[in-house]
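Residue numbers (the numbering used here), protein chains in the order written: chain Y, 1 to 432; chain S, 1 to 365.
Everything labelled a hint here was simulated from the structure, so no lab data went into it. What you are looking at is a predicted structure, and each value in this text was computed from that prediction instead of being measured. Don't be surprised by glycine CBs; every beta carbon is placed ideally from N, CA and C. Please note that a few of the clues may not be correct.
[Stated by the list, open to error] Footprint (simulated), chain S over chain Y, 3 or more residues, beta carbon under 8 angstroms:
#1 95–103
#2 381–392
#3 419–426
[What the hints assert, rightly or not] Below 30 angstroms or equal to it, Euclidean Cα-Cα: the simulated DSS-like pairs (lysine-lysine) are:
#4 Lys91/S x Lys228/S
#5 Lys300/S x Lys68/S
#6 Lys67/Y x Lys228/S
#7 Lys300/S x Lys142/Y
#8 Lys249/S x Lys149/S
#9 Lys89/Y x Lys300/S
#10 Lys182/S x Lys378/Y
#11 Lys67/Y x Lys205/S
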Amino acid sequence: MKNLKKLLALAMAAAMVVSMTACAAGGKGAEGGSAGAAGDTAAEAPAADNGGGDSADAGKAASSDLKVGFIFLHDENSTYDLNFINAAKEACEAAGVEYVLKTGIPEGQECYDAACELADAGCGIVFADSFGHEDYMIEAAKEYPNIQFCHATGTKAHTEGLSNYHNAFATIFQGRYLAGVAAGMKLNEMIDSGKITADQAKMGYVGAYTYAEVISGYSSFYLGAKSVCPSVTMEVTFTGSWYDETAEKEGANTLIQDGCVLISQHADSMGAPTACETAGVPDISYNGSTESACPNTFIVSSRINWVPYFKYIIDAVEKGETIPADWTGDLSTGSVELTSLGSAAAEGTDEAIEKAKADLEAGTIHVFDTKTFTVEGKELTSYEADVDTDADYTPDHEVIVNGYFDESGADFRSAPFFNVQVDGITLLDTAY
Amino acid sequence: MNERTQKEPLFHVVKRDAVSRKMEWAIRAVAIISALILCSVIIAMFTGDNPVEIYRSIFLGAFGSERKTWITLQNISVLLIISLALTPAFKMQFWNIGGEGQVLIGGLASAACMICLGEKLPNGMVILFMIITSVAAGAVWALIPAVLKARWNTNETLSTLMMNYIAMQLVAYYIIVWEVPKGSGKIGIINQNTAIGWLPNVGNKYLLPIIVAAVVTAFIYIYQKYTKHGFEIAVVGESRNTALYAGIKVEQVIVRTMLLSGAICGLAGLILVGGINHTITTTIVDSQGFTGVMVSWLAKFNPIAMIATSFLIVFMDRGASEISTAFGLNQSFADILTGILLFFIIGCEFFIRYKVSFRTGKERH
Numbered sequence: 001m002k003n004l005k006k007l008l009a010l011a012m013a014a015a016m017v018v019s020m021t022a023c024a025a026g027g028k029g030a031e032g033g034s035a036g037a038a039g040d041t042a043a044e045a046p047a048a049d050n051g052g053g054d055s056a057d058a059g060k061a062a063s064s065d066l067k068v069g070f071i072f073l074h075d076e077n078s079t080y081d082l083n084f085i086n087a088a089k090e091a092c093e094a095a096g097v098e099y100v101l102k103t104g105i106p107e108g109q110e111c112y113d114a115a116c117e118l119a120d121a122g123c124g125i126v127f128a129d130s131f132g133h134e135d136y137m138i139e140a141a142k143e144y145p146n147i148q149f150c151h152a153t154g155t156k157a158h159t160e161g162l163s164n165y166h167n168a169f170a171t172i173f174q175g176r177y178l179a180g181v182a183a184g185m186k187l188n189e190m191i192d193s194g195k196i197t198a199d200q201a202k203m204g205y206v207g208a209y210t211y212a213e214v215i216s217g218y219s220s221f222y223l224g225a226k227s228v229c230p231s232v233t234m235e236v237t238f239t240g241s242w243y244d245e246t247a248e249k250e251g252a253n254t255l256i257q258d259g260c261v262l263i264s265q266h267a268d269s270m271g272a273p274t275a276c277e278t279a280g281v282p283d284i285s286y287n288g289s290t291e292s293a294c295p296n297t298f299i300v301s302s303r304i305n306w307v308p309y310f311k312y313i314i315d316a317v318e319k320g321e322t323i324p325a326d327w328t329g330d331l332s333t334g335s336v337e338l339t340s341l342g343s344a345a346a347e348g349t350d351e352a353i354e355k356a357k358a359d360l361e362a363g364t365i366h367v368f369d370t371k372t373f374t375v376e377g378k379e380l381t382s383y384e385a386d387v388d389t390d391a392d393y394t395p396d397h398e399v400i401v402n403g404y405f406d407e408s409g410a411d412f413r414s415a416p417f418f419n420v421q422v423d424g425i426t427l428l429d430t431a432y
Numbered sequence: 001m002n003e004r005t006q007k008e009p010l011f012h013v014v015k016r017d018a019v020s021r022k023m024e025w026a027i028r029a030v031a032i033i034s035a036l037i038l039c040s041v042i043i044a045m046f047t048g049d050n051p052v053e054i055y056r057s058i059f060l061g062a063f064g065s066e067r068k069t070w071i072t073l074q075n076i077s078v079l080l081i082i083s084l085a086l087t088p089a090f091k092m093q094f095w096n097i098g099g100e101g102q103v104l105i106g107g108l109a110s111a112a113c114m115i116c117l118g119e120k121l122p123n124g125m126v127i128l129f130m131i132i133t134s135v136a137a138g139a140v141w142a143l144i145p146a147v148l149k150a151r152w153n154t155n156e157t158l159s160t161l162m163m164n165y166i167a168m169q170l171v172a173y174y175i176i177v178w179e180v181p182k183g184s185g186k187i188g189i190i191n192q193n194t195a196i197g198w199l200p201n202v203g204n205k206y207l208l209p210i211i212v213a214a215v216v217t218a219f220i221y222i223y224q225k226y227t228k229h230g231f232e233i234a235v236v237g238e239s240r241n242t243a244l245y246a247g248i249k250v251e252q253v254i255v256r257t258m259l260l261s262g263a264i265c266g267l268a269g270l271i272l273v274g275g276i277n278h279t280i281t282t283t284i285v286d287s288q289g290f291t292g293v294m295v296s297w298l299a300k301f302n303p304i305a306m307i308a309t310s311f312l313i314v315f316m317d318r319g320a321s322e323i324s325t326a327f328g329l330n331q332s333f334a335d336i337l338t339g340i341l342l343f344f345i346i347g348c349e350f351f352i353r354y355k356v357s358f359r360t361g362k363e364r365h
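Next up, chain Y with everything else stripped away, as it sits in the complex (with noise of 0.2 angstroms):
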């Protein structure tokens, strides 16, 4: 990848160089040429350079001497770091907080260097956004004891004893338990135009590794489904990456031969989403709505919406207070959100979702209350799970308590631990 955007930067500068000594040398039609790519390449330019001037302008209106400095995985090119270089944007300018974003930097040592970069820098939180990130966050929170440094997705803030080092999720597994409802209303809408038959219920699932965070996803979003369509069934395919575009869509498209009448995913990239277009199998997306690339096929999509995090760690710092070490954002907090439904979605499934969402506020109904499912033709009445991360992968809490599978439970962590594999859903591979 690196090498290739080195190519056709190379082929760029050659590109110019040509039209530009062809243009001393007098030629006309090439100078036209040259103009006609300026014009193109500067129409893009001015979006970029408000991003650059909004950091500015966020500098001067600072209300407080605080900075907050972020790190991304990717840039804006990837729906899952746009999430929350958005939301990063939104709250520091909310709380006119000037901040830093240092976007593309690697689940590696150049994680801590730039951690260490922005403390150095005078950032007073530190953020970082992908779970490969974690271990480098902790050296460089060791190292500056008086400076905050918070994390997305992370598993190991409760057991490092560090007062300075956080982590944070959202309970999108509801996000995903209220996409799947609306996903069982498509269902019943297609078994009752007579589309397909109750059994023909089967839906896809893309996901990206074999992970508790995706198999959480799957299982709440195929529990979802359940809820309002009980003959579901759902196969899942891993595509062994957060973001490959070919895998995913080559992944829905399996699923899709193999007779799954609707799709969904837990991948970064359009790929899965697109695929359905083509195909003009309903889908729902993850990250943010895709109506206008699919405005065929797009039902709903669930997103964590990172802003009320991020206000809540400035308004910490600035007041002094400490963070908890684990947070764990919800319905409630506005964390964990749906887009609008799109055209593809069935008649009635906003009363249904609201319905669904006021009960799961209420606490009447449970994402994984364990009368809902079995696992192995049996109910699951006691589970222990890694909640406590180690190299064995060993079983260290209880988790099924009153009933229900307490995941992202506030006596274990934010980052989601559910790893059961619930019956009516075949894994295809399990490589990754």
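Starting from the known structure of chain Y, arrange chain S on it as the hints suggest.
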């Protein structure tokens, strides 16, 4: 205008006679200055930002604070070690583009020692095993294409390139074996609490790679310039037949040189895994096995000049990420600037060898 001038091309390219050192450097300076001017024009045209501010920002990105300076020096060292490793093979006209894989497999060997021996042996022993295995792994990875070439004259460009992908897939496999937590596809920092197998800090955590790079530079310089081996490499590179005629065992030179090349790559892997990142990923080498090819060529295989060329590339890379942060420009924009600079630098070598004479007309009349 007469018939004759119309037939004559606007300019023609003439090979220069031997160019003086002074002239060479003058041409290079002109190339770099014109690249910077062109970059300025592009910056001003597309972003409206002040080019001087951008250049200042690039400089600050590499040397803006004490830590930044150390990181820049450390990155230069790693790239330099990898480039130095490739150099003897290139000088022999053996196209080793397998540096990426040789570094990676060395890194994998280090990581394996850290994970598998971490709790069984004392720290010193673990580090000793890491050094031996990673250097050996890199050497073996280079030895395979070398033997294929020496015995059956296979195309080493292909075989070294293929070995990269084998190494990458092996690393991908072991990441899944060693991943923590399960299913995450990440190993994370190895022995984070015990620091077993972490190469010791010398002064500060950035200094060790710098020292190693200095030693390797001196070694390759002496090896190429003052030893019999170095002379043999040069002869084989100039002409295989001459080497044969002079009684040099070409096969032996190829195998020996590639072993050295791979061993130093393995050493780079050891430093990346044991000294810097303390983890292994498929992308840990970050294409430096290929960038090293350019560093080595730009410096014409001269180890001392390679300090400058690797500095240039790392400096631009560090500056690039700084301008993307400071000006909100996409990283790709910085890549364009680096591309332009490299294009001019590589392009100016053409003008060192050839000159362009324009049609004057006068001579013809």
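So if I understand the rule, the pair passes when the alpha-carbon distance is 30 angstroms or less; does lysine 89/Y with lysine 300/S pass? violated, 47 angstroms
Checking one constraint from the list: CA of lysine 300/S to CA of lysine 68/S, max 30 angstroms. Satisfied? holds, 29 angstroms
Does lysine 378/Y sit within 30 angstroms of lysine 182/S, going by the straight-line distance between their CA atoms? holds, 24 angstroms
Residues of the stretch 381–392 of chain Y with Cβ under 8 angstroms from chain S, three needed, outcome: Since three or more residues must qualify, the claim that chain S covers the stretch 381–392 of chain Y holds, with 4 doing so at under 8 angstroms.
Keeping to a limit of 30 angstroms between CA atoms, is the pair of lysine 91/S and lysine 228/S held or broken? holds, 14 angstroms
Would you check the hint for lysine 300/S and lysine 142/Y, treating anything up to 30 angstroms between C-alpha atoms as holding? violated, 44 angstroms
Within 8 angstroms of chain S (C-beta), three or more residues of the stretch 95–103 of chain Y: holds (count 4)
For the stretch 419–426 of chain Y, count the residues whose Cβ lies under 8 angstroms from any Cβ of chain S; is that count three or more? violated (count 1)
Please work out if lysine 249/S and lysine 149/S have their alpha carbons no farther apart than 30 angstroms. Given that 30 angstroms is the threshold and the Cα spacing comes to 14 angstroms, the pair holds.
Hint check: lysine 67/Y vs lysine 205/S, CA-CA at most 30 angstroms. Holds or violated? holds, 27 angstroms
Checking one constraint from the list: CA of lysine 67/Y to CA of lysine 228/S, max 30 angstroms. Satisfied? violated, 60 angstroms
The structure fails to meet hints 3, 6, 7, 9 from the earlier list, while all remaining hints are met.
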